[in-house]
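> Please build the complex by placing chain B on the supplied structure of chain A, with the hints as guidance.
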Amino acid sequence: MKGSILAMNKTGIVYVAFFALTVAVSLSSCRDKRSTGLEYARNMYDPIAYNPDQPNKNFANGQTAQTPPPNTDPVGFVKYEYANTKEGYEAAGKNLVNPLPLTEQNLLQGKHYFTVFCAPCHGDKGDGKGHLVQIEKFTGVPAYHGDAASSRGGMMKDLTAGKIYHTIMYGLNNMGSHASQLSPKERWEVVMYVQKLQKIQ
Amino acid sequence: MRNISLIIRRVWKSAFMFTALSVLIVSGTQAQDAAEGRKIFKEKCTSCHSLDRDMTGPALQKIVPTKSEAFLLKWINNAPAFIASGDKEAVEASKFNPNAEMTAFPSLTPEQIKSILAYVKVGEPKKEGEKAGAAVQEEVSGFSLAGVVAVILISIVVLVVLGRAIKMLERLILQKQGVEIVEEEKVSLVAGIGGLFKNKKFVFFFILCLVITLGSFGWMGMWETGVHTGYQPVQPIKFSHELHAGTNQIDCQYCHSGAFKSKNASIPSLNVCMNCHKQVQARDSHDGNISPEIQKIYNALGYDADKMTYDKSKEKPVEWVRVHNLPDFAYFNHSQHVVVAEKAIRKEKGLKPNEPVCFACHGPVNTMEEIYQYSPLTMKWCINCHKAAEINGKDNAFYTKIIEAHEKIKKGEKITPAALGGLECGKCHY
Numbered sequence: 001m002k003g004s005i006l007a008m009n010k011t012g013i014v015y016v017a018f019f020a021l022t023v024a025v026s027l028s029s030c031r032d033k034r035s036t037g038l039e040y041a042r043n044m045y046d047p048i049a050y051n052p053d054q055p056n057k058n059f060a061n062g063q064t065a066q067t068p069p070p071n072t073d074p075v076g077f078v079k080y081e082y083a084n085t086k087e088g089y090e091a092a093g094k095n096l097v098n099p100l101p102l103t104e105q106n107l108l109q110g111k112h113y114f115t116v117f118c119a120p121c122h123g124d125k126g127d128g129k130g131h132l133v134q135i136e137k138f139t140g141v142p143a144y145h146g147d148a149a150s151s152r153g154g155m156m157k158d159l160t161a162g163k164i165y166h167t168i169m170y171g172l173n174n175m176g177s178h179a180s181q182l183s184p185k186e187r188w189e190v191v192m193y194v195q196k197l198q199k200i201q
Numbered sequence: 001m002r003n004i005s006l007i008i009r010r011v012w013k014s015a016f017m018f019t020a021l022s023v024l025i026v027s028g029t030q031a032q033d034a035a036e037g038r039k040i041f042k043e044k045c046t047s048c049h050s051l052d053r054d055m056t057g058p059a060l061q062k063i064v065p066t067k068s069e070a071f072l073l074k075w076i077n078n079a080p081a082f083i084a085s086g087d088k089e090a091v092e093a094s095k096f097n098p099n100a101e102m103t104a105f106p107s108l109t110p111e112q113i114k115s116i117l118a119y120v121k122v123g124e125p126k127k128e129g130e131k132a133g134a135a136v137q138e139e140v141s142g143f144s145l146a147g148v149v150a151v152i153l154i155s156i157v158v159l160v161v162l163g164r165a166i167k168m169l170e171r172l173i174l175q176k177q178g179v180e181i182v183e184e185e186k187v188s189l190v191a192g193i194g195g196l197f198k199n200k201k202f203v204f205f206f207i208l209c210l211v212i213t214l215g216s217f218g219w220m221g222m223w224e225t226g227v228h229t230g231y232q233p234v235q236p237i238k239f240s241h242e243l244h245a246g247t248n249q250i251d252c253q254y255c256h257s258g259a260f261k262s263k264n265a266s267i268p269s270l271n272v273c274m275n276c277h278k279q280v281q282a283r284d285s286h287d288g289n290i291s292p293e294i295q296k297i298y299n300a301l302g303y304d305a306d307k308m309t310y311d312k313s314k315e316k317p318v319e320w321v322r323v324h325n326l327p328d329f330a331y332f333n334h335s336q337h338v339v340v341a342e343k344a345i346r347k348e349k350g351l352k353p354n355e356p357v358c359f360a361c362h363g364p365v366n367t368m369e370e371i372y373q374y375s376p377l378t379m380k381w382c383i384n385c386h387k388a389a390e391i392n393g394k395d396n397a398f399y400t401k402i403i404e405a406h407e408k409i410k411k412g413e414k415i416t417p418a419a420l421g422g423l424e425c426g427k428c429h430y
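So the sequence lines, in the order shown, correspond to chains A and B. So the first sequence is numbered by the numbering used here: it starts at 1 and just counts up by one. So the second sequence is numbered by the numbering used here: it starts at 1 and just counts up by one.
A short, non-exhaustive set of chain A residues, derived as facing chain B with CB atoms under 10 Å:
| hint | residue |
| --- | --- |
| 1 | 19 |
| 2 | 33 |
| 3 | 37 |
| 4 | 41 |
| 5 | 48 |
| 6 | 54 |
| 7 | 55 |
| 8 | 115 |
| 9 | 120 |
Heads up, simulated SDA-like pairs for lysine to any residue below, C-alpha to C-alpha not over 20 Å straight-line:
| hint | chain 1 | residue 1 | chain 2 | residue 2 |
| --- | --- | --- | --- | --- |
| 10 | A | 33 | B | 240 |
| 11 | B | 296 | B | 309 |
| 12 | B | 278 | B | 302 |
| 13 | A | 185 | A | 160 |
| 14 | A | 33 | B | 229 |
| 15 | A | 33 | B | 232 |
| 16 | A | 137 | B | 123 |
| 17 | B | 44 | A | 151 |
| 18 | A | 185 | B | 260 |
| 19 | A | 137 | B | 295 |
These are computed hints drawn from the structure, not numbers from a lab. Think of the CB as a built atom: it goes at the ideal place given N, C-alpha and C, for glycine as much as any other residue.
This is chain A alone, in the form it adopts within the complex (with noise of 0.2 Å):
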């Protein structure tokens, strides 16, 4: 009799073991990664000021960052004066001339901008085979050098300064703006870069 009564407590205990173990791996396992977890204090993460990037009720749009009012500058802000039409990009090929001298150093921050920024489509060189191309999710690049055309009439080989500044500052048909993501000094080092290209024979 006393026999068979430590049998069952042996396998309750090995239950209940096992039950806990259970438990264990399986709450320990399931830590939701959706969710940042246990905070002490989450008003120490919400900042007091607005971050630029955060929703903002003070503003009809919801938006912390806000576009200056119409008819103001930043300080510093240098305008564009050639309007997105063709007789700006005449004009602005016509009238623009590259602010900085040309040198290596410059040269060199406009190819690490233009690997950056222009490479995934125009590629290294310049011949329209950028990665994007190549992977064939992105097509009808034009190459700077050799006998291709650009589709404002003229080859691409004689763009001028002026009219590869104002590609960067507008975009054209399938590339778009990138004036967003470089300053004024950055996108003139970018054209420095793509007129050595121009020369690639």
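Just chain B now, with coordinates in the frame of chain A:
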């Protein structure tokens, strides 16, 4: 469990390979022509034509079957000349788009044009195998979870059965020894468990288990309070870094240019997405329709993909959920780490030259389908790196300026806080 799911996956895969292969063999020769045609088409025609929808030129799969091959050979070879020759059908065709005319391709041979037409007929090669493979993989993960539960259930059953068997055996032995057996009263489950708690050994064991489990949970809980490692919220658009930074090899700076100039790395605004997604619509993988995820970008901008126009009044910004977030009282500046400290951090974390410095803190972002927090972002984490990293002052514009300023201080020349960066907005504001 792993093995079973692996085997199932393999069986699936080979089944798909087999069907794909048999289809390929049947359409073998045609496929070869079509493949060549596809290459020429992508190179020369996609800027104006798509297979199944009108662009600058008409949708080719609709127009080509209605024309004779002889006509098409002439048209594609030199459309302007063909129209100028006064051919009635050609003049009729040129009315499709009065604002544009088709480029002449005199360099294309009749064979090449035929291969283009073959491709137009066959259409884009289907990627059945790949898609089905992904679905199987998803099933498998669900499958293995069910497997774990099954294993647990089975082991409980086995334990119960074993317990019964032991009892039976004990009874048999006792019977053999001639001991009289009093038939046990049937105890209810509740009473049975109640009885268990009268046993001292059991109670001790139970409490021990409880203390260990609760203790370890409490300990872990306290360590992880306010530490968001692994946090991966659901984002409003299924934007994949694996696809963009990995497969497409777009540099982090293309989208997070702020990281190199300011405190904030910044999330790109949607016009940056539109640089590519005006054209890239992932129609291949959505039966010729715009991907619903990319449509969300269009909706947020009020962009009409058919008319290619923006409607400002329909704009509705995307609300990305922030992943990395230090408490507001800690100041972390990206440009200080990404630009000034790049060499030091690369050396400290042993990054390869082709990996962006961001990986030191954000982990292998180019393999993340959905972004998650890789590092703990605790103060200990900051401090440990600051104690270990070795600053390299050579060829570092930041230090060249600092050393210059210090030289001036040494010589007793006039120096203002402005020379030490005291005019940078970020030194006072954040």
